[in-house]
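Novice: Chains as they are written, first to last, in the numbering used here: chain A, 1 to 320; chain B, 1001 to 1351; chain C, 2001 to 2679.
No lab work stands behind these hints: they were computed from the structure.
Cβ atoms here follow ideal geometry from the backbone N, Cα and C, with glycine treated the same way.
Heads up, a few of these hints could be off.
[Stated by the list, open to error] Across the chosen pairs, the derived CB separations fall in these ranges:
#	chain 1	residue 1	chain 2	residue 2	range
1	A	Pro240	C	Phe2395	23 to 33 Å
2	C	Leu2504	A	Ala306	52 to 62 Å
3	B	Gln1219	C	Thr2589	52 to 62 Å
4	C	Asp2348	B	Asp1167	51 to 61 Å
5	A	Ser295	C	Pro2524	51 to 61 Å
6	B	Gln1219	C	Arg2520	54 to 64 Å
7	C	Thr2589	B	Arg1280	50 to 60 Å
8	A	Glu298	C	Phe2395	45 to 55 Å
9	C	Pro2524	A	Glu298	33 to 43 Å
10	B	Ala1106	C	Pro2524	52 to 62 Å
11	C	Trp2353	B	Glu1172	47 to 57 Å
12	C	Asp2348	A	Pro240	49 to 59 Å
13	C	Val2473	B	Lys1145	51 to 61 Å
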Amino acid sequence: MMKLATFTSVLGAASLAAGVAGAADLGAVDKPIKLAVNEWTGQHVTTHIAGEMLKAAGYNVEYVTAGMMNQFQAIADGEIHATLEIWSSNVSDEYANKISEGTIVELGDLELDAKEGIAYPAHVAELCPGLPAWEALKNCAPLFASAETLPAGRLVDYPADWGTPGADRMTGLELPFKAVPAGSEGALIAELRASTERKTPLLVTFWQPHWAMSAYDVKFVDLPVGEDACFNDPAWGPNPNAVNDCDFAPSRIFKAAWSGTAETWPAAFEILTNYTLAVEHQQPMMGAIDVDGGSVEEVVAAWMAANEDSWRPVVDAATK
Amino acid sequence: MSGSDTPAISCQNVWQVFGNNADSALKEALSRHQDPEEAAKELRAKGLIPAVQDANFEVKEGELFVIMGLSGSGKSTLIRCISHLLHATGGEIRIEGEDIVSASKARLIELRRKTLGMVFQHFGLFPHMTVLDNVAYPLRVQGVKKKERQAKAREVIELVGLAGREDHYPRELSGGQRQRVGIARSLVTDCSVWFLDEPFSALDPLIRRQLQDEFLDIQAKLKTTIVFITHDINEALKLADRIAIMRDGKIVQIGTPADIVLNPVDDYVREFSKDVAKGRHANVASVMQDAAHNPYGADDPGLRQDMTLDAALARCMDLYDPVPVRDGAGELVGVVNPADLAAALQVEGAE
Amino acid sequence: MIGGLTRGSLAALIALAVGILCLLLESGAPWLTVFPKNWVLPATDIVGEGTKTLLLWLKPAARLFSTLMSYPMTGANWLLASIPWPFLIASAVALGWRLGGVKMAAMAAIGLGLVLLSGYWPEGMNTLALVAVSVPLALVAGAAIGILANEYPRVREPVQALLDIMQTVPTFAYLTPLLVLFGFGPVVGLIASAIYAAPPMARNVLLGLQRVEAEVKEAAVMSGGTRMQQLFQVELPAARLQIMVGVNQCLMAALSMVIIAAVIGGFQDIGWEVLLTMRKAQFGAAMMAGMVIVIFAILIDRMSGTLAEDRRQFWDGRISIGILIVGLVISLSFLSTMGDPGSYQVLDPVADWLDAWLTSFTTANAALLTALKNGILFYVLLPLRIGLDQAILPFTWGFQWTTGMSLGFFAVSGVLAATLALSGRLTQGLVLLILAGILETGVSQLPWPFVLAAVGALSWVAGGRRLMLLSVVLLSTILFSGLWERALLSLYLSGAAVFACALLGGAIGLISAVSPLAWRVVRPICDMLQTIPLFVFLIPVLMVFQIGEFSAFLAIIAYAIVPMIRYTRQGLIDTPDEMMEGAIASGATTWQILKDVRAPYAAPTILLGLNQTILYAFAMLVIAALIGTTGLGQSIYLALGQADVGLGISAGAAMAILALISDRIVQGFAEERKKALGL
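Isolated chain A (complex conformation) (with noise of 0.2 Å):
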């Protein structure tokens, strides 16, 4: 909850900084700017558009491979610059460290629509008649039981270090499952795999954009419409007892920059502000890079040509 309140915050500080728009100076245009490239495809993809936006405006770019979570410190001291695709659901405190000391500013929404729920391969549906709707799940507990949970149904939950969000809801729910921490990404995926492949019950913490939502068909329950009451007021939703009786608070994806970006690259901190990337654009990427083998430059730089009137008026109004 603590980390919710942070962000709202930075969010109102985030807005009011990007209200300014306008020509500007390039700056040091032989430093090279440095976009950190995190883990995931999706990221990859941000980032290089991001990138080649900054080289069409006349700046070098440097990429420099980063653990999400390790990133901020280096962000802080100038030695990465930017970084393009945070995910409020899993970020650190580090990062709230980092803003309210002034080392990291953060550049706005990415507008990447995207979403976290309770999800489940769709051939679990089968299993469990009823699915999507999460009252279904009351009844079909058992079916996802394992040793460990016993008599509980099994939920593979976020790695531990990205939050509980599922065994929040289960628990606001007062649904028959336990939380299980994934320990990481790729579990996460064996998971659904294995289950995809052995037809087996599966339920999962996820999110979108992401490729294996296509990859394996993911479905999402659909849970009680998330408002603000939800997560602060018991007497709120299904559960009278309970706060987060309901869907997952909508997820932030926005962008953040070392401290000094703007005075060495303003026009470059102003491409970087205003630059947006829809789930649209972004997904059938991923697909040709995880699914079709492409290289992140080739699927990048064809994106770039087929739209380039999508982004070039970003680089035109900070340049021109």
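Using the hints, position chains B and C against chain A.
Specialist: Same frame as chain A, now just chains B and C:
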């Protein structure tokens, strides 16, 4: 070099105690007991090990002094105290008059570079160096130029009969050859005090005898002062000018080979000399009587005072009366009874 | 003997008494089972703040060091990236020839050829650059530590403890502080791998120096050398072989750390590739990337291994030069047409095939695998963790465990224990009772006073009063840091895995000792298990057995069983010939020889193997947290993700404490066995 009145090595009340706080424990024990035996007892009761107890002796310049004892008797510890590989817990050790127990580190290095040499039981050769480099090493640490030190090393290698093997590594040599390298290395600096710690014990009997003979040759040439450790009574008798016998950390007897053989102070020493062919080590002088007060018979088998008992007995096999003993110049020096000769040889046999 | 009891039975008696007392008072005094929260000191916060202050203070010097290290790093990187691959392969082949003739040259050619074909050449070269800089760093640091410990016997014990800490505190626990200290980038990975790789070097240097014959050292003294001359001209060269063993181990350790350093990133190395493919659960591709590391590890191991051989011979250098020239000519003549070696992804079909095979295997054997998993979970792991009274349910065992059954269980144990005690084996009887109690309660729910008493008693038996004091004090720090429950969970999981390793590994080691044919099969498997990045194994385990304890249990066993196998075999085949001849001459059968002669003689070696297995199990516990365990390993990830320095260090320290105590206890017993055998 020091005058003849200064011994090459002198040890006074030397103690080596192993264990925790050995220094203070020894001081305390000595302050409480006059008798070293009592002091040692107290140390043992405290769980300490008195490996050398109250050693006292002097070695004259040019003398070949052998320390003999069974394993665990403290002889190796004693030689390490004298060469200061171990810091003696108590007592005074002087080499050529200089106190080495309190010598500075730098002075000790200096002494080892110029004065002391040592040969080890298991050779202590540097496995990563050739024969030549091993022998030249004591010069190398002094900063002697490569050409010069190698020339000197070759000389010594020649002396010990290893010419032609300069470029071999120790592992490629036989045991006897390895010890020749060890000897050569200890001689390369022209030391004046030479320590040998059971140098031939690890060798086959044949090789051992050969090296003993060569060792005596070298000694005859170099005339260094030698402290030689062994557990082999025959080796001790063959080489020594004087022998010190150690038991349980104590020196129980010091004497010439003949003394040791003929007048053992206790059963321990007697046990050692039991199997020794005494006739070969004791000479006529050791059983000879005063000529002035003892009459002698008419037969003169021509005994000399430095003859071994064996040789003397061979000359008077069928004689029963006392016979005269003369020195090299033919002067009468004493009288010996053939029966005494036989008795001296049979001391142990009778028991 | 105290009061007619042996040390062992006295210790067991004390532990048992405390256990029974806790059991009886449980209902009246709940603080006995669950350590009260308000007794916990805010240690993690204090540690966190303290470390942060310290880090801030050290930061300028550390950053300077980072800058300095980035030069050789960039240099090595540039060099390896810009040399055309034919020349690099030729260099490796030439070196292989010189060190080991045709066999090693072929190994280098095939190995690097595979790396090239896998398309991971550029990443592989980045990894090598990292190793090329971190290894010299680890070697120099390790040698310095080893020499220091040799020169000053007084610091030897603290240094040993430091080395233990360097090896047992999981790397993940100190990645965050390192990041703050040295800034982002490959230098952190460099230092992390140097920290992990330096201890084997230090240990071997110290061991080597101590093993130089006393007379060789004395000869150097009597030659009149200064201490420095003695050390550098005589002792270190004479210890060369042992030091080379250290170099070899150091190289391997640095390589095994590569993947963990990649978690931070900043460097497009092979570890990063493994992480990316892991995240997508692409087993085939992860195997491919992992294979590159294995190839490097095998090549480096075998080539540097020849350095540790006595009397090694060099092969004809002219042929090496010839190979180099061929490589140079090829590089020069095809320079423009070679293209990017990263694009030669010839082996992709193999990766796909591996993936498909895994799928079909798990699908085909789903029922069997689930039955296996449930069997072990229901009948072994669950009872061990939460005790018989909670693990036995109609769903798991088919009936409900009642209080009556508990009493019956205790009664049967009591009768058995009494029988043992009456037949003169009092200690065994008492231990049996303690084990029965633990099984009934479950490891994760043991009352803390009992754990302290039992571990203290065990330490006392193994290593006397000092070890007992150390164990109890260290365990108490975990108790007061609030990580106790997690520590018990870790203890349970690694304990179960170690137990399984001991049984299984001991059996495999025994078979390998008896049959050379079996060893020929087992040995390469052991080699692979030790070098392949462990992450790679997590995926198939996950696919087959899903997230959870059982998968973690298997992953730990896969890694930690290797030393048990190796040491058991080594101990059994190392029996001196004279002893064997004595036994044969007495007319003993092969089995009798094994049981009565070889096994007792091998006991100290096998105990050392067990010791290694314990340390390995704790090391793997952290990695197993990636597939969902709930012990200290998970705390370390939490801390890493949240950049929580205090929690990371505390959890890491707790892990190291558990490992250290187990290590000391087992070593104590090993020493005792050794002394009993007069070794």
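Novice: Using the beta carbons of C:Leu2504 and A:Ala306, state whether their distance is inside 52 to 62 Å or not.
Specialist: Taking Cβ atoms as reference, C:Leu2504 and A:Ala306 lie about 58 Å apart, which means the hint holds.
Novice: Lying within 52 to 62 Å: is that true of the beta-carbon distance B:Gln1219 to C:Thr2589?
Specialist: The hinted range 52 to 62 Å holds for B:Gln1219 and C:Thr2589, with Cβ atoms some 60 Å apart.
Novice: That 50 to 60 Å hint for C:Thr2589 and B:Arg1280 (C-beta), does it hold up?
Specialist: holds (56 Å)
Novice: Measuring from beta carbon to beta carbon, are C:Val2473 and B:Lys1145 in 51 to 61 Å?
Specialist: holds (59 Å)
Novice: Per the hint of 52 to 62 Å, is the separation of the Cβ atoms of B:Ala1106 and C:Pro2524 within bounds?
Specialist: holds (57 Å)
Novice: For the hint 23 to 33 Å, verify it against the beta carbon of A:Pro240 and that of C:Phe2395.
Specialist: holds (31 Å)
Novice: Could one say that the CB atoms of C:Asp2348 and B:Asp1167 fall in the range 51 to 61 Å?
Specialist: For C:Asp2348 and B:Asp1167 the Cβ distance comes to about 57 Å; the hint holds.
Novice: Can you tell me whether the CB distance of A:Glu298 to C:Phe2395 sits inside 45 to 55 Å?
Specialist: Distance hint for A:Glu298, C:Phe2395 holds at roughly 53 Å.
Novice: At the C-beta level, are C:Asp2348 and A:Pro240 separated by a distance inside 49 to 59 Å?
Specialist: Since C:Asp2348 and A:Pro240 have Cβ atoms about 56 Å apart, the given range 49 to 59 Å holds.
Novice: Would you say the C-beta atoms of A:Ser295 and C:Pro2524 sit inside 51 to 61 Å of each other?
Specialist: violated (35 Å)
Novice: Taking the Cβ atom of B:Gln1219 and the Cβ atom of C:Arg2520, is their distance within the range 54 to 64 Å?
Specialist: Roughly 60 Å apart at Cβ, these two residues keep to the hinted range, so it holds.
Novice: Has the hinted range 33 to 43 Å been met by the Cβ atoms of C:Pro2524 and A:Glu298?
Specialist: holds (39 Å)
Violated hints amount to a single one, hint 5; each of the other numbered hints is respected by the structure.
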